[in-house]
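Visitor: Knowing the structure of chain H, use the given hints to seat chain Z on it.
The listed protein sequences correspond, in order, to chains H and Z.
Taking full-length UniProt numbering, I'd label the letters of the first sequence as residues 1 to 839.
Taking full-length UniProt numbering, I'd label the letters of the second sequence as residues 1 to 201.
To be clear, the hints were calculated from the coordinates, so they are not data collected in a lab.
Heads up, some of the hints might be wrong.
Simulated pairs of lysine-lysine, DSS-like, Cα-Cα distance not exceeding 27 Å [unchecked claim]:
id: 1; chain 1: H; residue 1: LYS218; chain 2: H; residue 2: LYS240
id: 2; chain 1: Z; residue 1: LYS176; chain 2: Z; residue 2: LYS133
id: 3; chain 1: H; residue 1: LYS588; chain 2: Z; residue 2: LYS106
id: 4; chain 1: H; residue 1: LYS702; chain 2: Z; residue 2: LYS66
id: 5; chain 1: Z; residue 1: LYS66; chain 2: Z; residue 2: LYS106
id: 6; chain 1: Z; residue 1: LYS160; chain 2: H; residue 2: LYS514
id: 7; chain 1: Z; residue 1: LYS98; chain 2: H; residue 2: LYS588
id: 8; chain 1: Z; residue 1: LYS74; chain 2: Z; residue 2: LYS98
id: 9; chain 1: Z; residue 1: LYS74; chain 2: H; residue 2: LYS702
id: 10; chain 1: H; residue 1: LYS696; chain 2: Z; residue 2: LYS133
id: 11; chain 1: H; residue 1: LYS588; chain 2: Z; residue 2: LYS66
id: 12; chain 1: H; residue 1: LYS60; chain 2: H; residue 2: LYS17
id: 13; chain 1: H; residue 1: LYS609; chain 2: H; residue 2: LYS750
id: 14; chain 1: H; residue 1: LYS750; chain 2: H; residue 2: LYS588
id: 15; chain 1: H; residue 1: LYS540; chain 2: H; residue 2: LYS588
id: 16; chain 1: Z; residue 1: LYS160; chain 2: H; residue 2: LYS696
Given the structure is predicted, the values throughout are model-derived calculations rather than measurements.
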Amino acid sequence: MRELNIEYIDISPLLEKAAAALPTDKGTVIHGEAFSLFEAMSAVEIGNPKMDVGMLAAPKTLDQLIADGAAPADLSPEQRLEVMERLLQMEATWQTGGSLAQTVFSCLYMLRTARIAHDVCLHAYCMAVCRSCSLIRYIIMQGGVVEEEDCNIHMFGLPLNEYQPAITPSVEEVQCFLQLETAIAFCHTMVEKPEKEGHHVVWTATRDLLSAKKDMIKGMDSILRRGKPDITSALQHFSKALSTLQQKDGSVPDTKMTEGCTSTSASTSSPLNSKDGVQGEGMSKASTKSAEAAEHLGFDDSVNRNLVIPSPPRAIKVMSRLEARNYMLSLLKHLGQVLSITSVTSYEALHTFILNFSCLKAAPLSRSVAHYLLLPQSWGLPDPALASPPAQQTEQRDGTSPSTTPPADPADPADPVPEGSISPASSSPHPHPPTPAAATPDTSPSPSTDLSGSAPHFIVSNAMIATSCGIGVEEASSLGPDVMMFLEQSVIAVGNWCQAMLMNPCRTRRRLRKALGDWGNLFDHAINADFSPEFTAFMKRTGWSWPQETISGMPPPGPLGTWVERETAGSMLQHLLMGFQLELYEAKEYIMMYWYCDVLCNCQKTATKLLLDTPPPPPKQLSKAAPKLPARKSGGKKNGPSVTPPPPAASTTLQSDGPAQLAWEQRRLFLQRDMLRLERTHFMMSGCMKAMLGIKELGLVKAPQPPFNSMAQRFDQRFAAFHGAVVRPEPLTYVDFMASVDTTGFDASKLLQMASEAFTVVRQIVKHEMSSALAQQLPVDLMHLKDMDRVAGQNMLACGVLARASSQVEGAAQQPTMNVIYDFTLLQVFPALGVKSSK
Amino acid sequence: MASSAFTDSTASTSGVIYRQYRDESDLPTVMHLIDNELSEPYTIYTYRYFLHQWPKLCYFAYDGDKAFGTVVCKMDVHRDHMRGYVAMLVVDKAYRGKGAGSELVKMAIREMIQNGCEEVVLEAEVSNTGALKLYQALGFIRDKRLHRYYLNGVDAYRLKLLLPLTEEQEALLRLKEQNCVSVDASSGSVLTASTQIEIKA
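This is chain H alone, in the form it adopts within the complex (with noise of 0.2 Å):
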């Protein structure tokens, strides 16, 4: 049998001898030590039907299937619309986890393109798929934040060419424009013919479609322009294929709408459930693909077969039309928004940008543009951590991609070491003079050492960090050996939390674990810079006072120090809070998860309120005309919390001439507004904590004694990553935590009555946050910040009913006959409470 130069040969009979000559004994065969677990759960056995992709169906050849007529040459206009919208469908379901074989070129037209050469928008069509495939596979790879899991890059076999980066526009680039530049002029000559049995709308939508895909592809071409991404002109062409889908949502013929969809609910992790304002129907519909490849013209899921590598086979699931069209709008919805990033002048402000576009939870392309654009290398800049000179630098950020990434051992699919980490500190006994040689700063510009912002500013850089620790552009790079060194290695740490934070979340949650180690390094880097001489004398020189109180017995760390803990703590807890958007927590749990979250955000808090109240001295310009940090008001119970008022209005405090005076004052009102934002967090995980020890007071939490260990294992085992990889926060201990919450003296009632309290503050917090100036000037804080109302609004009313039960059953040995629910549903770390007769 031949067929495509494959030689298939019947080696039953060598099967068969080798088998009798194998040892009696059974399970001879795994005998070999090198046959791990995942060797054993790679292995197929040949001829089942649930391993072997070869028994899945009956094969076909490509040249067989076309001479059945499954892929006419000549199609009618919407036979050809029929192909290209499948295609789509297809587009999207790679992007979001399906192999390319199994997909887009399941396509017969698009594995044999020449075919249909004579068909100007099919064939222009075609071509434009295959280098979106290779444009897209080049971003995923060198964004290095997307996983197999998330996306399948992998092409053996396919007619598809590997992207190659040129300065140049290539011969295959020039062609594909002109091919869709003729294409869409076609179209619209089709358009501008008298109507006719309704071709207008088929034509209208060909060309919308062959229009998007050209702005799709213009658009990443212009991210991916060698050495300096045209920014301004990806996002003009990203806002025209939106457009245009947009349009092409009230103009395509929808006779196939909902065609081939079964009852199958969509995977959770759809980007389409994110809350971007995508809306739809259909979209919560699935179509699986055996079922409904065979209605599709051109379209054979099985072509390919020979190409699909021989384990189990994973499930596909096609997205419909209409999935795929909303999958496609929130791809450029998020694209654009990765792309605003050029707003980006702070570390505050880039560490906002991250924050807020993970919880997009967007596609894999747009989050792996986001973290492409962050790359120095993508700006033709060296990559820091090579850069780096300490000695102990191993490992570099975003060493291997994807595709060269080898599967996870099945048994631990968790991730590998992360690349990049910090180095540690010098442990040299006399721990500062002498310097190591090795960690000697390399002068050479890079986005690291280069402190006058040539690169672009939103990249992590020196001059990035070293303004929101504080101390001023110019001045750092004077500051001695050890500060340098302290800079250097926090670019590296932010980078690879700016990586970690743009990865799937489940992949979020145990790299922000992984990464503590290098948090832990860098409080060392930075204890050592803090008592640098060069640093203590920058101190004084400039009259910047730090409180020397000692705790413990030791001195408290200067600013940098501060600065690294105040972060450190964020990590943790964004590390202990996406446990809840996971659904990792049982609600037996919650007492802790938010005793211990409430202790990282009053860590974060009292960093920041240090870093607020002892500033950098300002600038020399801005002292003169420069308001004065307005005073903390200081409010007893019955006036809720003590809330920083909000800060002047950003045009009066900006009036500064000069970038050292502009970053001061930015930094400042940072600091000011994520204080309101740790004191209300402070308030509503207080709440959580109290709320919850009052409902398990009333019995109300099941908890029965598992029967191989206690809480504390537990509660070892939610905390114990911290304990060796960070100083500060100083890690707890599970006695720290029954002392914490030791309720003695308090009853169910007193505890829910102190849960309701906290949560009215948050209220305070909230219409005090809303009624200012500055959180009027972002929309999307106000709009968390209107959920956050009404959870601690709905808190409050059912700790109040919580509390009237507690009292009616007090002293009759009995509890509440009600259940609680615990709704994520509004903010996806702090539940909503309900309460429910259980009669």
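Guide: Showing chain Z alone in chain H's frame:
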């Protein structure tokens, strides 16, 4: 890797006999039970991988002479700790809800504890509420979520059970920590902040 099949049941499990795996003559029973219930396809190599190396960590539940449930596990060193792993757990639909699955897992874990395991892990589909309840009642927590872990595209939870250390294990741990400190100090890798401050002051 493992899925666990559990839902409601009405069948009686009175008179259930539990026994350990003996030899490869039990292999077809394991395969039959698992292939019938779990969605993930396993090869003979996978079964043999577990059963050849850790036969003592496989148990059956019998109703008379009918095997209706089995658990397949392993244990080995993971980052300096002995870790048990529940690979597969199956109870025939007709016998579910009576605690046989829980009993099978408990027997395997007891065996793991005897052999020095400090923790036990496994994976379960996020939608398999029956299995999740079973393991959570045994003290497992949801340690991680694994995105699109199964071939059907469904996420998995990595469940983990941390076991209390025996006195011997605690002593060994202390020794390891001491060694670790001395190794770090000699290789000059990590210093705690407090040490540094002390020296500087």
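Visitor: Against each hint, give a clear statement of whether it holds in the structure.
Guide: To see whether the hints hold, each was checked on the structure:
Taking the CA atoms of LYS218 of chain H and LYS240 of chain H, the gap is near 11 Å; set against the 27 Å cutoff, the hint holds. Of the supplied pair hints, the one linking LYS176 of chain Z and LYS133 of chain Z is violated, its CA atoms being roughly 36 Å apart against a limit of 27 Å. Simply put, LYS588 of chain H and LYS106 of chain Z have alpha-carbon atoms about 22 Å apart, close enough for the 27 Å limit, and the pair holds. Using a Cα cut-off of 27 Å, the hinted pair LYS702 of chain H and LYS66 of chain Z is violated, with the two alpha carbons roughly 35 Å apart.
In summary, the hint linking LYS66 of chain Z to LYS106 of chain Z is supported, as the alpha carbons are separated by about 21 Å, within the 27 Å threshold. In summary, the hint linking LYS160 of chain Z to LYS514 of chain H is supported, as the alpha carbons are separated by about 18 Å, within the 27 Å threshold. Pair hint LYS98 of chain Z plus LYS588 of chain H holds up; C-alpha atoms about 24 Å apart against a cutoff of 27 Å. With a C-alpha separation of about 25 Å, the suggested pairing of LYS74 of chain Z with LYS98 of chain Z holds against the 27 Å cut-off.
This hinted pair does not check out: LYS74 of chain Z and LYS702 of chain H have alpha carbons roughly 31 Å apart, beyond 27 Å. Only pairs whose Cα atoms come within 27 Å are accepted, and LYS696 of chain H paired with LYS133 of chain Z is accepted, the gap being roughly 20 Å. Taking the CA atoms of LYS588 of chain H and LYS66 of chain Z, the gap is about 38 Å. The hint is violated against a cut of 27 Å. Note on LYS60 of chain H and LYS17 of chain H: the hinted pairing is violated, with a Cα-Cα distance of about 31 Å set against a maximum of 27 Å.
At most 27 Å may separate the alpha-carbon atoms for a hinted pair to count; LYS609 of chain H and LYS750 of chain H exceed this at roughly 31 Å. With a C-alpha separation of about 20 Å, the suggested pairing of LYS750 of chain H with LYS588 of chain H holds against the 27 Å cut-off. With a CA separation close to 51 Å, the supplied pair LYS540 of chain H and LYS588 of chain H exceeds the 27 Å bound. For the given pair, LYS160 of chain Z sits about 24 Å from LYS696 of chain H by alpha-carbon distance, which is consistent with the 27 Å threshold.
Hint check: violations occur at hints 2, 4, 9, 11, 12, 13, 15; the rest are consistent with the structure.
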